[in-house]
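One line per chain: the protein sequences are W and U, in this order. For the first sequence, the residue numbers in our numbering are 1 to 295. For the second sequence, the residue numbers in our numbering are 1 to 161.
Hints in this document: simulated from the structure, not taken from any laboratory. Check each hint, because a few of them may be wrong.
[To be verified] Straight line, CA to CA, 20 angstroms or less: simulated EDC-like cross-link-like pairs of lysine to aspartate or glutamate: (1) W:K54 to U:D84; (2) W:K142 to W:D247; (3) W:K269 to W:D247; (4) W:K54 to U:D70.
[What the hints assert, rightly or not] Label pairs and their computed distance ranges (CB to CB): (5) U:E95 to W:T188: 50 to 56 angstroms; (6) U:G34 to W:E189: 32 to 38 angstroms; (7) U:G83 to W:I192: 41 to 47 angstroms; (8) U:G34 to W:T152: 41 to 47 angstroms; (9) U:Q100 to W:D204: 55 to 61 angstroms; (10) W:A84 to U:T36: 39 to 45 angstroms; (11) W:A65 to U:L18: 32 to 38 angstroms; (12) W:R245 to U:E95: 55 to 61 angstroms; (13) W:D240 to U:A161: 31 to 37 angstroms; (14) U:A73 to W:A241: 36 to 42 angstroms.
Note that CB positions come from ideal geometry on N, CA and C, so glycine has one too.
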Amino acid sequence: MPSLNYAAPATVDEAVKLLAGASGLAKVMSGGTDLLVQLRSGRLRPDLIVDTKKLPGIMGIRQEAGGFVIGAATPGAVLEADAALTKAWPGVVEAMDLIGSTQIQGRASLAGNLCNASPAADSVPALFAAAAIAVIVGPNGKREVPVEQVPTGPGRTSLAKGEFILEFRLPPRPPHSSDAYLRFIPRTEMDIAVVGCGICLTLDAGGTCTAARVALGAVAPTVLLVPAAADALIGHKLDDATLARLDAAAQAACKPIDDKRGTIVYRTKVAGVLARRVAAIAFDRALGKTSAKTH
Amino acid sequence: MSKHHVSAVINGEPTEFLCETQQTLLDVLRDEIGLTGSKEGCASGDCGACSVIVDGRLICSCLMLGCEADGTAITTIEGIAQGDHLHPVQQKFLEHAALQCGFCTPGLIVASKALLDENPNPTEEEARYWLAGNLCRCTGYDKVIRAVMDAAEVMRGEKAA
Numbered sequence: 001m002p003s004l005n006y007a008a009p010a011t012v013d014e015a016v017k018l019l020a021g022a023s024g025l026a027k028v029m030s031g032g033t034d035l036l037v038q039l040r041s042g043r044l045r046p047d048l049i050v051d052t053k054k055l056p057g058i059m060g061i062r063q064e065a066g067g068f069v070i071g072a073a074t075p076g077a078v079l080e081a082d083a084a085l086t087k088a089w090p091g092v093v094e095a096m097d098l099i100g101s102t103q104i105q106g107r108a109s110l111a112g113n114l115c116n117a118s119p120a121a122d123s124v125p126a127l128f129a130a131a132a133i134a135v136i137v138g139p140n141g142k143r144e145v146p147v148e149q150v151p152t153g154p155g156r157t158s159l160a161k162g163e164f165i166l167e168f169r170l171p172p173r174p175p176h177s178s179d180a181y182l183r184f185i186p187r188t189e190m191d192i193a194v195v196g197c198g199i200c201l202t203l204d205a206g207g208t209c210t211a212a213r214v215a216l217g218a219v220a221p222t223v224l225l226v227p228a229a230a231d232a233l234i235g236h237k238l239d240d241a242t243l244a245r246l247d248a249a250a251q252a253a254c255k256p257i258d259d260k261r262g263t264i265v266y267r268t269k270v271a272g273v274l275a276r277r278v279a280a281i282a283f284d285r286a287l288g289k290t291s292a293k294t295h
Numbered sequence: 001m002s003k004h005h006v007s008a009v010i011n012g013e014p015t016e017f018l019c020e021t022q023q024t025l026l027d028v029l030r031d032e033i034g035l036t037g038s039k040e041g042c043a044s045g046d047c048g049a050c051s052v053i054v055d056g057r058l059i060c061s062c063l064m065l066g067c068e069a070d071g072t073a074i075t076t077i078e079g080i081a082q083g084d085h086l087h088p089v090q091q092k093f094l095e096h097a098a099l100q101c102g103f104c105t106p107g108l109i110v111a112s113k114a115l116l117d118e119n120p121n122p123t124e125e126e127a128r129y130w131l132a133g134n135l136c137r138c139t140g141y142d143k144v145i146r147a148v149m150d151a152a153e154v155m156r157g158e159k160a161a
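Work out the full structure: start from the sequences and follow the hints.
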């Protein structure tokens with residue numbers, strides 16, 4: 001086995017230099033819960049691992065300009081313990097919290113989940129729906145990119161050599177806004193989504209939806225943002241006709257595969273059902289009715 | 001690459017070790033330091049048999065590199081009892097016979113201790129969710145949960161040990 005190098009740089013510049021200057025395969029590590037499994041299985045044979053967790057700002061959550069900034073390598077357990085974040089972004093927090101066990105939550109991060117680029121990644125539909133911005137650093141400096149532009153296929157991202165995500169920005173919340181995420185699995189914990197759905201929306205005082213974003217997981221090569229499903233909500237209240245249009249739009253966007261977790265027909269049907277359920281939760285939350293955990 | 005020189009506090013003892021990059025914390029604990037209480041079940045973070053507490057947080061030691069441990073404080077199963085005095089979780093696992101083959105037990109005890117450190121008064125549902133990442137094929141979990149709930153009562157001082 002060729003020798004594997006490891007570095008835990010203390011500055012972004014140093015991290016970028018190491019990644020950009022690496023002669024072989026260099027991998028960015030945050031929590032490592034996917035990376036170490038891939039190392040162990042031999043599926044991945046990097047020459048260098050750059051551990052980002054010592055970089056300033058990459059661990060932790062802060063409020064800035066009316067929104068939240070979440071350090072890219074912040075573990076799920078820290079998100080869940082943050083009362084202000086959970087109140088403002090219950091969908092993002094519950095999506096992250098669904099990933100793996102307590103032990104996984106002690107390490108797993110939003111950036112790792114996004115950049116591992118699984119179509120079934122739980123936090124990713126919630127981040128898409130939230131209109132989260134990924135702050136990416138690299139050899140050409142810093143750029144801000146909507147999260148939906150990061151994954152490009154299973155295991156692939158749009159990040160160039162030397163680039164990594166430093167933090168995520170969640171925008172300020174207008175009044176009567178909330179979000180929700182559900183995934184379907186055949187049991188209650190510790191499984192990979194058959195379908196996932198994240199919805200973020202804003203209502204007016206009368207309960208009519210004025211803005212929405214809908215995202216689906218595990219029904220295409222990447223997580224999908226589904227503008228047609230958002231359009232089914234915007235301008236409407238939560239009623240049967242609205243939900244029927246949402247259901248149809250969600251199903252129409254699906255391009256799933258058949259595998260052991262579900263068939264094409266089944267996944268497509270479940271996407272519509274989940275979209276209905278998630279919309280109902282997000283509407284309730286936006287009206288201040290509940291913010292209870294959904295699992 | 002030469003080996004990494006790592007300093008960590010393990011079960012209260014300042015400890016130094018050398019490791020290769022690809023050695024996990026579990027590999028280091030078992031093979032370099034001789035702390036073989038933490039078990040390797042799946043080596044992919046699914047079974048929880050290798051659970052340890054790093055800087056106050058419960059993790060799978062198979063999903064952390066040994067070289068990442070530099071500067072951390074680690075508690076393994078070997079650090080749960082105080083000398084001959086068992087931790088209430090250990091005592092209750094014995095009393096409730098919450099183990100059979102014992103392979104998952106170190107991980108379950110470390111995970112249960114981490115739960116009660118963070119939440120001294122969990123509901124049964126909270127305890128079951130917290131321990132969902134610790135797989136046991138012998139007990140069916142019921143005795144484990146009874147032991148944890150009982151230990152919690154003792155630790156809250158509501159019941160004699």
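To see whether the hints hold, each was checked on the structure:
A distance of roughly 38 angstroms separates the Cα atoms of K54 (chain W) and D84 (chain U); the hinted pair therefore is violated under the 20 angstroms criterion. Proposed proximity of K142 (chain W) and D247 (chain W) is contradicted: the alpha carbons are some 39 angstroms apart, above 20 angstroms. A threshold of 20 angstroms between alpha carbons decides the hint, and for K269 (chain W) with D247 (chain W) the separation of about 9 angstroms falls inside it, so the pair holds. For the suggested pair K54 (chain W) and D70 (chain U), the alpha carbons sit about 11 angstroms apart, so the restraint of at most 20 angstroms is met.
Between E95 (chain U) and T188 (chain W) the C-beta distance comes to about 29 angstroms, which lies outside the given range of 50 to 56 angstroms. The beta-carbon spacing between G34 (chain U) and E189 (chain W), approximately 34 angstroms, falls within the hinted interval of 32 to 38 angstroms. Roughly 44 angstroms separates the CB atoms of G83 (chain U) and I192 (chain W), a value that falls within the hinted 41 to 47 angstroms. G34 (chain U) and T152 (chain W) have their C-beta atoms about 46 angstroms apart, which keeps the hinted 41 to 47 angstroms range intact.
Taking the beta carbon of each, Q100 (chain U) and D204 (chain W) are about 59 angstroms apart, inside 55 to 61 angstroms as hinted. A C-beta distance of roughly 43 angstroms is found between A84 (chain W) and T36 (chain U), which places it inside the suggested range of 39 to 45 angstroms. A hinted range of 32 to 38 angstroms for the beta carbons of A65 (chain W) and L18 (chain U) is inconsistent with their spacing of about 46 angstroms. Checked against the hint of 55 to 61 angstroms, the C-beta distance between R245 (chain W) and E95 (chain U) comes to roughly 58 angstroms, which is consistent with it.
Checked against the hint of 31 to 37 angstroms, the C-beta distance between D240 (chain W) and A161 (chain U) comes to roughly 58 angstroms, which is inconsistent with it. At roughly 58 angstroms, the beta carbons of A73 (chain U) and A241 (chain W) sit outside the given window of 36 to 42 angstroms.
Against the hints set out earlier in the document, violations occur for numbers 1, 2, 5, 11, 13, 14.
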